[in-house]
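Listed here are the chains, written in short residue letters.
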Amino acid sequence: MKMLIVDDSLIVRRKIEREINLADLTEIVTASDGEEAVEVFIKHKPELVTMDLTMPRMEGTECVKELAAIDPDAVILVISALADKATAIKAVKNGAYGFLCKPFTESDLNEALVKCIAFSKKLKGNK
Amino acid sequence: MITEKDIEVFIDGIKHYFTTATELNIVVETPYLITVNEISVNDYTGIIGISGERKGFVLVTASEYMLQDLVLSLGEPEASPNLIYDVIGELANTISGNARRFFGAGFMISVPLIVMGQPERIGSVRDTHGYVIPARWKSFSFQLVISLI
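Protein sequences appear in the order of chains A and B. Per the numbering used here, the first sequence starts with residue 109, numbered consecutively. Per the numbering used here, the second sequence starts with residue 7, numbered consecutively.
It is possible that some hints are incorrect.
Said to hold, decoys possible - To spell it out: a stretch of chain A is covered by chain B in this simulated footprint if at least three of its residues, at any positions, have a beta carbon under 8 Å from a beta carbon of chain B; those stretches are:
(1) 109-118
(2) 121-128
(3) 188-194
(4) 209-216
By construction, these hints were calculated from the structure, which means they are not laboratory data. These figures come from a predicted structure and were not determined experimentally. Beta carbons are placed, not taken as given, at the ideal position from N, Cα and C, and that holds for glycine.
Only chain A is shown next, with the shape it has when bound in the complex (with noise of 0.2 Å):
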């Protein structure tokens, strides 16, 4: 399964690389910002993205639309120090699967890329 991690902090996309323990993820690419996250994502299709929301160029709810739009069965995990309610909201009405706040550990990494791991392969069973 490739997944694209999506963040402008270098440190953060270094350290969800670094402490991702799943067999199910193959292939991990990234960028740093919305904008190169559509060229990216339309280049590797990847099954599954993390998606930082406050970036530069283009925000993660708006990236979040049009990943969803270019294909429906991403899944699509937020990855933001944003912590109120609404913006979990929106970015799931936007199509994210789910929200994981920053600062995060390791296991709460692991812990919700299994749910998203495990809702891709029902959608592809569904198919």
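Dock chain B against chain A, hints included.
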């Protein structure tokens, strides 16, 4: 106008960041009021502009030594200049973003502006007030400054 509750929100946020990200507690010292032009910054400063229902800024300023240690504590094998530059912005962003749990979605935050050394200007009005929240992580002192109306 900054209230006691506002200060509490940011103290909780900064404690939460270090406890979760580094598994180490910080010590927060007594906050104090200053005017914005009195702000004294350290080697690196991450500044978040605030707009919407509140206006102003949140900044975190820390020494290069502390940020090197923080980068290593986050699991990096070495503290490159790029990562030191990045981590101060992410710290300011995370603390400001987490504050929306209390302030709500109308508390709009900018992407971080990162400054090395003394910035020419912080905020748009020089005689506005801010609260300095001094803190210590390991043996390092650092400061969170909030200026909101």
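We went through each hint and held it up to the structure:
1. With 3 residues carrying a beta carbon less than 8 Å from a beta carbon of chain B, the region 109-118 of chain A meets the three-residue requirement, and the given coverage holds.
2. Evaluation of the coverage hint for the region 121-128 of chain A: fulfilled, as 4 residues show C-beta separations to chain B shorter than 8 Å, against a requirement of three.
3. Here the region 188-194 of chain A counts 6 residues with a CB under 8 Å from a CB of chain B, which clears the bar of 3, and the coverage holds.
4. Chain B is given as covering the region 209-216 of chain A, and this holds because 5 residues of the stretch bring a CB closer than 8 Å to a CB of that chain, at least three being needed.
Consistency note: the structure conflicts with none of the earlier hints.
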